[in-house]
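Protein chains: 2
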Amino acid sequence: MSISSKVQQGMVQGSWIRKMFEEGAALKRQFGEQNVFDLSIGNPIMEPPPRFREELRKLAEHPLPGMHRYMENAGYVETRAAVATQLSLESGLKFTANEIVMTCGAAGALNVVLKTILNPGDEVIIFAPYFPEYINYIENHAGTVRILPTNEQFAPRLGVLEEAINARTKAVLINSPNNPSGVVYSDDLLRSLGKLLEKKCAELGTAIFLINDEPYRKIVYDGRQCPLIWSHYQWSMVVTSHSKDLALPGERIGYLAVHPECPQRSDLISGCIYCNRILGYVNAPALMQHIVRHLQAVTVPVSEYQRKRDFLYTHLTGMGYSMRKPEGTFYMFPASPVADDIAFIRELQQWRVLAVPGSGFGSPGYFRISYCVDDRTLEGSLAGFRKVAEKLKSG
Amino acid sequence: MSISSKVQQGMVQGSWIRKMFEEGAALKRQFGEQNVFDLSIGNPIMEPPPRFREELRKLAEHPLPGMHRYMENAGYVETRAAVATQLSLESGLKFTANEIVMTCGAAGALNVVLKTILNPGDEVIIFAPYFPEYINYIENHAGTVRILPTNEQFAPRLGVLEEAINARTKAVLINSPNNPSGVVYSDDLLRSLGKLLEKKCAELGTAIFLINDEPYRKIVYDGRQCPLIWSHYQWSMVVTSHSKDLALPGERIGYLAVHPECPQRSDLISGCIYCNRILGYVNAPALMQHIVRHLQAVTVPVSEYQRKRDFLYTHLTGMGYSMRKPEGTFYMFPASPVADDIAFIRELQQWRVLAVPGSGFGSPGYFRISYCVDDRTLEGSLAGFRKVAEKLKSG
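Protein chains in written order, with my numbering: chain A, 1 to 395; chain B, 1 to 395.
Hint data in this document are derived by calculation from the structure and do not stem from the laboratory. Check before you lean on any hint, since a few could be wrong.
Given that identical chains are not distinguished, each listed pair holds provided it fits within a single copy or across any two copies.
Derived lysine-lysine pairs resembling DSBU-like cross-links, with alpha carbons at most 30 Å apart [stated by the list, open to error]:
1) K6 / K200
2) K199 / K6
3) K195 / K325
4) K325 / K393
5) K19 / K325
6) K391 / K28
7) K325 / K308
This structure is a prediction, so every number in the text was calculated from the model and none was measured.
So here's chain A without its partners, still in its complex pose (with noise of 0.2 Å):
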């Protein structure tokens, strides 16, 4: 075979959600696209806030000079300051340009630090359910797995953790406002994971860098500010980017930001810096940057999310669906009616409605719902919902 084997053996076993693609694609082909109601990716339906077409006309008519050219890896220097003045106002803490890479997207910024941080066989605490491309990345840079559970409400279990972290542990990575579950972790959970990392790395003598993934933390409802890692823990970085607070994720726009006060935080962002231009991004997409460092403090409509979030809650719990109330992002996790989530998907899939099982992020039991769609995918979807759940208490 002409490829290697691992990238086959990866293939075979494909993605839950890369095969609730494959096969809602064949269904709107099937039945045509109006009659399936897919809520297995999140692709934000929304366009960009009008700031950001405005900020694209005025380059679009008005060029920079060499605005297309190579740039230092790190990115443009205003955009990267941009970021620290809102990370500044944010946390209450001094950023500057010096902690901010800029970068393609989340996923570039997270392989990045893994490629940063990582030797070969260091350990990565991830908890399920989990964003499945973790595992992914930090195999792509010869790291470690390690999945943790959570609780009944999507948290670490802080004393599993406590005896899983080791003198491999590298890092821990969470994920909040959280993909699948729309949980957003607390400032007392947040502050006391800090606190349980900062006794770990004296204990064992060695540094183990928390980073969160938030490229929801603007996406919170019910008028929720997101909790910041920031004033927990010095050891601790921020992957991102613009996919969902400014509807951009073909555009691969996002940055990475490192505690100002974390230790050897120069050696760290110098060997980001390096890393996004050895692993072959070079640096963030130019023109993105010009526009999205006028937008730092700019949001799609939060408001229209909550809305949908609302009216699928209601019309789900009301049919006896049970679920944690989702906190932000667009997704929510409801219990599977029936142990095996993979066949109450397939089940699903026979009235055109397309979720992915709980098992595509380790935790069987369980079905992520997208709600970053029309309202008429939504409304449509309901039927689905019914007759499948009316089926499964009569069965």
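Starting from the known structure of chain A, arrange chain B on it as the hints suggest.
For chain B alone, kept in the frame of chain A given last:
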């Protein structure tokens, strides 16, 4: 230390291009930008062609619905089809969208290809002088680099290549038009290379890929057409970008193409699409995909680069510098007047002229000049080149 040993080591060794960049920045601060003649970086001074501006303006004024959303990991089918049409025109073969994956630049394309084909320890052969990032890219994916010498014309020595190929050889990576030498491989050379690889595949019972990294395919001089690998070998792939032909290096837009008659090409392409995703690139930037779809037949005015080449070639050879006349790219690679190319570069720096020692490309005794700069810089550099030539002659 909190960062990976390998990354730390890589950063200490640094790259010569990077070193020159940093020392150049220091010189510019000291003497003023206009008094430093920086020929060290391949960052084209040209702006993108007017047709690019038009397409950008159109999309800014009349956005397509959903034009910034995720698309298939392979890229928009319309963009891939446009690339295929252009490649079919150039090669006489029948490319379709199915042989093309849009990528984050040529660097992204090459990393995707290497991740897709390499098992740990598989060997990739490159030829000195080489683009130094190749070593990082091959090692990113657990490959082993084999560096082979070229002849005095900077062409691979086929006898040496034949001896070097073994059962672990997974790919031969070439770069024509060549950075740093400016050489364009002849059709005869590519034919012989194809024949040799066919013979070795048959002998060894393996598949050896021929990969051409060809971002400079359209930057060729004196009425040349760039000879293509497609007609000479089926197990072939191209990785490339629009960084040079459309002057968009900061935008990270490129693609990979697989020979339409490559055996197992469907597995190969599926693998590349999968690796585009799991390496964290996810997809090539969306807006740029929409634009370059319409620009496959458009190129920056190459005659401008040819004029700059002629200017510098005439002056430098007149001073006694010896070099092969570049046939393409925007680099030249003269012999250093003294054996120690680093000492020579240091001398040049005394005159505030920046170039990169051949040692940085695996070929000591030479130096690289980038002439994708403004005329003032080219003209200003001549005094330094003359002084150093005279000093070394008289010394």
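So, going through the hints one by one against the coordinates:
1. K6 / K200: between (34 Å within a copy, 25 Å between copies)
2. K199 / K6: between (37 Å within a copy, 28 Å between copies)
3. K195 / K325: For K195 and K325, only the intra-copy Cα distance (28 Å) is at most 30 Å; the inter-copy one is 64 Å.
4. K325 / K393: within (22 Å within a copy, 80 Å between copies)
5. K19 / K325: within (27 Å within a copy, 54 Å between copies)
6. K391 / K28: Within. Shortest intra-copy distance 24 Å satisfies the 30 Å Cα cut-off; inter-copy 75 Å does not.
7. K325 / K308: Answer is within; shortest intra-copy Cα gap is 12 Å, inter-copy 65 Å.
Every hint, counting from the list given before, is met by this structure.
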